Amino acid sequence: MTWQADGIKKMTRRTFVVGGAQLALAFVLFGRMFYLQVMEAEKYQTLADKNRISLKLLPPPRGAILDRNGVPFASNRKTFRAVVVAEETGGKLRKTLQNFGKLVPLEDEEYERILKEVKRKKSFVPVRIKDDLSFDEMAAIQLNIPDLAGVSIEDGLMRVYPQKELAAHPVGYVSFITDQDLEQSNLLSKMPDVRIGRTGIEQYYQEALYGKTGNKKIEINAVGREVRELENQDAVAGEDLVLALDSRLQKIGYDALKNESGSAVLLDVHTGEVKMMISTPAFDPNMFNYPVDSKTWNKLNKNERHPLLNKAISGLYSPGSVFKIVVALAGLEAGVINEQTKIDCEGRLFVGDHPFHCWKKTGHGPLTLQQALQHSCDIYFYEVARQTGVDKIIEVADRLGFGTKTGIDLAGEKDGLLPSRAWKEGRFGDAWRLGDTMNLGIGQGFLLATPLQMALMMAQIANGGKKLTPVLSVNAQKEPSNLKISPRHLRIIREGLTAVVNKPGGTAYHARINVDGQKMAGKTASTQIRRISLAEREEGLKKQHELPWKDRDHAFFVAYAPLDKPRYAISVAVEHGGGGGSISAPIAAMIMQRALELDKEDRKKLK
Amino acid sequence: MSLFLDRNCYFKDYELSFKDRLLNISWSYFILIALVVGIGILLLYSVAGGSMEPWAIKQTYRFGLGCCVFFFIALTDLRIWMKYAYVLYGLSLLLLIAVEIRGEIGMGAQRWLDLGFMQIQPSELMKITLVLALARYFHGSDEEDVERWRHLIIPSLMMGVPVGLILIQPDLGTASMLLFVTLAIFFLVGVQWWKFAALFVLGLISIPIGWQFLHDYQKERVLTFLNPERDPLGAGYHILQSKITLGSGGVFGKGFLEGTQSHLNFIPEKHTDFIFTVLAEEFGMVGAGVLLFLYMVIIFYGFRMALKSCNFFGKILALGLTVNFSLYVFINTAMVMGLLPVVGVPLPLVSYGGSAMMVLMAGFGFIECVHVNEEMVIGRLGSSDC
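Residue numbers (my numbering), protein chains in the order written: chain A, 1 to 607; chain B, 1001 to 1386.
Taking lysine-lysine pairs in the DSSO-like style, the calculated list, with each CA pair at most 27 Å apart, reads:
1. A:K478 - A:K466
2. B:K1254 - A:K50
3. B:K1254 - A:K43
4. A:K102 - A:K78
5. A:K43 - A:K217
6. A:K56 - B:K1254
7. A:K10 - B:K1195
Residues from chain A shown here face chain B by an in silico Cβ test under 7 Å; the list is partial:
8. D6
9. K10
10. T12
11. R14
12. T15
13. A26
14. L36
15. Q37
16. E40
17. A41
18. N51
19. R52
20. A222
If you're looking for bench data, these hints aren't it; they were derived computationally from the structure. Here the structure is a predicted model, which means the values were calculated and not measured. Glycine included, C-beta positions come from ideal geometry on N, C-alpha and C.
Next comes chain B alone, as it looks inside the complex (with noise of 0.2 Å):
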């Protein structure tokens, strides 16, 4: 255990100058994000039938962005971040209500917000924004306040309003993304294991309740995932097609450029939800278990810098924005190997989609921002002495 807690901590006067902080940048954890970026942009070279367009470039440019995004925020000093990261929430809920707005005018389902040179999703900041405030908030905390359950009520609710905005979009993949990372880092920051336990019940209790509120297609969804030969031509179509993509591979793989269901559109969505099925098909188990493999690297990174980092607010973020990118991970792959229903989350890095690939530098460039001043002791407002 001492491998994650060696550390010397500095209380006073703790400044880092530029040069510093590019030194202490951990560039295997850069490099180990580019490289699960290239699978991906192989993937999409694949699924195009061999052509960088329409995706594969497109996806390349937006990487070389994320990377700004990565450096700009790892390079910023962490209590800056701190400091703004109220406000950052707030933005990003003013954000999400505005389109909530502008769907109510523009019916039907509306999560994007045009920028002009990309859209984004306010729902996909969300899951960034309301790490960094629940940081903040519990970086002002103490062991006792943590068990004591009014504690929680103001984290709660800065959880329940995006989510209960988001589920109103409808996007049930986001919102119990943020249900479950808020879940964790009350379980990380030492909530009691009582109170999960009661939730549990709590939560099956309302499972009846909650059934009636689902929209028609996401209860055809969760029955069809229970029961995909119930409808295979329909719903059903998308988790067998999924799982004969994945099946068909093999240990080995049909072998890149040549996996017959993903040029033949058997998949849907295969450049996006889909992809991980493709590069099953084409490079096999093997392939496949790479990348999982690179994935556990990646988490394994994150954890171990939010271990070493000496304040809280940066052990919170980094575990939080750890785990919600665990949450991509094992939700999709879960998802596209027929273990949960179809709900509609990316694979991180990996699926197209310009969005997600920025929240998501933009996420690991917080870790590594807190790993460059793992060093730093933060007080309780933000100021560097206790």
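So here's chain A without its partners, still in its complex pose (with noise of 0.2 Å):
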């Protein structure tokens, strides 16, 4: 038997059957070609191009900040790091990193880490061997570099503040990228250099001082091995940012208080700028540049004197006596009080069954306005709180500033807290009482101030009731606005306090400045922490230094100067520092006094 002629057509049948098959598998093929190479196109081309090319961003040089006379805050310097590329040892890194180790000595886990490291990367990255080399042994690696295959030595860029701890709190500081920075952009990854600021004007002013970022496109192999350079963007510098501080008055200011728990604001009256700001414990800011040990970090935030906050902006204080200005002020707008009106203080004054004490017990006897504020009468102020009511003493420290941030150009400032018969209602769910109005009076109960908001108030005063903004950059100023205070009644509170500082008996007289066209004017205050207690106020009260440091009054000071044309105005505020005229007062005349003469040598050195 063989095939006939059936089963040949049968099997031409079944090759048609085959060949169409095959046609029609092609047909597929085509039709996957034309959706890969033309619908598809576009977004394998993006890949293509992703794979290829690899952006490598460059990290612009920080912008320097400077004191108003060009003295640099913080500046960058050049730092060196030794490297080593592992493909370029001949497969001798131990040997290499051995001979390293005799010229800049290893910790065995750096050998440890850089050997890690060398493992998880590719053979042509380099990996760290050491930081910041010193020049002596900048200098060893370079005359031992034949023995030192694979290491060559990079450059960077450092964060140094030279004035150390004299403007860290306004200044502020950098530190190294964190996983949280990654999470707002992951484009930081691939700059593990670079340092953000995190507190005061770094932190404020990053992006200014920051810079704009270059880049550079390179064609990458699959292995991620450069292959050539596409594309050069150049980075862009941050700028340099001149503040209104003076390194000089810092100095001053950090001298005087560094022993302290405290802080000290001065203010320019007229433009609001910030020639000082200090606030101590301080801290070196240029610890941060390198990641902090959680030892370290521990210390620093557990330390009951809060060295990172910046007390001036964050400091939060029953004002006391200071806010006696405001009392003044609204007594006099509602008419309750003018310049001749004389309440008598007895010591102690009742509502209802509950006293209110002068905090001298004897009492004051019949006193002005005037004579009030000399002497910090606590009776005349409660009386005058008590006929003004609450709602007007609040509406006049709201215009001058309490209970809202100052809009100062630093992060972290805080509101204080201005209360109101709706705050308390709202928080307490308790109606606002008669005595909450007598502690309001004499600066005590709810109410909570920052020592900037107090040398703000303190400026405005001075400066005939023009409503300013702190700054510390010079660029930053703005266009003052009007308060709308009666010229009459600023002038009454200004003689009173000139009085405190330049009458005999007044609370600061013996702080006061005895040089013409230097004089000063202010309010004391100690704002006492506990409560005195009935049997304590009977045997008398103990003196301040007698009690533990944590129990002590706040002592308080805010001042302006010269009398005639204000031009500064100072608040210094001592924790626990006992009294505002034996404690702050001569500190803050030191400062002003200092910050008036330099005044005068700078506009002798213009002309």
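Two chains, each in its own frame: build the complex with the hints.
Structure, rendered in structure tokens:
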């Protein structure tokens, strides 16, 4: 038997079936090609470019931060670090590292870290051996480079704060990128050396100081090796920032307060420029250049004197007697008192059954407003507050800037707390009582303010009622607006404040400046931290220095100078310092006098 | 249909002189093959970064050697090949067993046999000798024979033994190609449709069982093929990069020597299994389309030659080898386009590789031989009379 015509025909038919199937397959393939190469071409072209083009980011040099005279608070220093490229060691990485260790000692952990990193990375990627080489180390490495196959030196920039603690709080500090930063922008991971402003000016003006990242487009092959450069866009350096701060005053202020826990702010009463801002204890911002170990960090954070906090803007205190200026203005505006009105101080005042005491147990006798300010009589202001009423006092306090941020160009500023009927209702579900008004009258009770708010209030009284915005950057000045305070009322209050410092018996008389043209006016405050019990009051109050530090009063002093043509306003706050007149006022006087002298010298130089 | 079947068949005393054979050779068929090889050499020149070294030059030599094989086979009397069909099959089966034994000793995958001047893969040889043997077997059958399942036991064994050996190596790509070619021949000689349907159902049932016998890397390949994003940096990398290369070529391509994916080494095996993507990247859909078209023409020629042959051995031989060739084309291109798992089948005549080139040229030689002897009628046992 053999194949018959039927079989042949069948085979021919089936050949056509197979051929047809193959034609169909070919169409499927063509279709697939059309899909990939026409319809999806753009997507794959992008992916191909993503494959081959690697973006290298070039971090810009960070802008410097300068004081008003160009003295740097923050600048950049070139640093050098040693790196090793594994494939250039000729397979003798360990030998190279050993030789390196003979020149620049390396810890065992460092060896392990380097070896681990080399293993993890591609052999042509440089691995860091040691950061921040000293000049001698550099020289030693350069000299022995023949023995150090694969080692090379890279340069980078490090942030330096030459003034260290002096302006640590207003200037702030930078530190390495954290995981949180990476969540915001994963591009940062390509710039491991970039540091970011964390506090102060460094944080507030981060964008301007940082500049603009440059980039380099390079073509890479499948293993990531650079083949050629495609495009290069240079980084734009960050702007230098000139601050209103005067580094000479920072030094004076810091030295005066460095052993205390406190703050001091000096404002230009016309422009709102902050010429000095101190918060103590301070820290050295240079230490954040490299990651801070947790022990040091905890120590800084748990310190009861809060060295990391900028107390001038974030410290919240009862302003105490400083607030009497506000109450006086409220009383004048409400017509409750005038220049001549006298109120008799008998040492205490009853509201119902509750006694309110003057700090002077025996009482001051009948006092005018000027005398009440001069002696900081409590009874006088209790009475004024009672007659004026809470609403008016709050209205005036609000106008002068209590209860809201001053708007200074720093992050972390606190609002403070200006209580009101509605606030108390909402917070405690309790009606505002007369006792609350009385407490408010002497700046106690719920009221909280920052030292900067107190300085601002003082500056606005001194400049004739112009509303200021305190600024650190000289370019950030804002046009003052009018607070609509009667010049007559201002004059009355300023006379009282002049008496505080310059009349015998005034609470800051010992701190007066006895130089014509530099005389100062101000207000002291010593706010008690604990309730004084009746028994203590009977026994006679203990002297402040006999109390433990934590129980001592906060000492405040706000002032302006000169008397006739006010130039600066100052606020000095010393936590648990004791007396405002005895502790804070002398510091303020010293700073103020120096500031006026420096101002005079600088003006002379300009001429 | 008469186009294919117009022929004069000579039943008796049909002898061709060497000159007749030479004149009978289909030169257009040969030129088509040479064109495809030329495209391949061009691409090998490109992937080497514009250099004949190291691949293009060797590929050229191999093509030269392949031509010798082609003409030697094509100009030999078809009856001689028929006579030795089983012998050649037996020899390659022995070689296959030999590498299997050597592989046992040498540990791990062992597919090569070193002949000194070149390495040869017995599994590649099997692709041709199996078709020869099957053609020889079915030449002696008739349409009633092939409808009896018992008649299919021997050819099934002819296929099953080498497929088993190759699966052990393990080389899933070659094994499945042998299986498909055999099934295609069964189909072409007239095995009933329902048997294929039954086999298909049986196959579906055995998939879960067969799954367990797959190597981990083979399972990985299948899973990754089904979902390449599963492992974009590992096994899925090949498929993904392959698609990127193809797609980024667009309609007209990036230009000769301008392919970024291939030149920057994003393509694995760019000179062998994935060379089609290099063509598609540098010459776009147009370039890749031209090559696919050439392949289709070669396949068309093969079928035409088979249909015009007066003898069954020649018909089945040419059909089987053409199907085999087309399987190479379809599996490879579908694989690089992400339509099939990555199984390691080269692009015929284009991918760099000596063994495959020799075997392919031998295959075309046999098809050409069928064409040269198309008017010859061969008796059931190989004589030229009925």
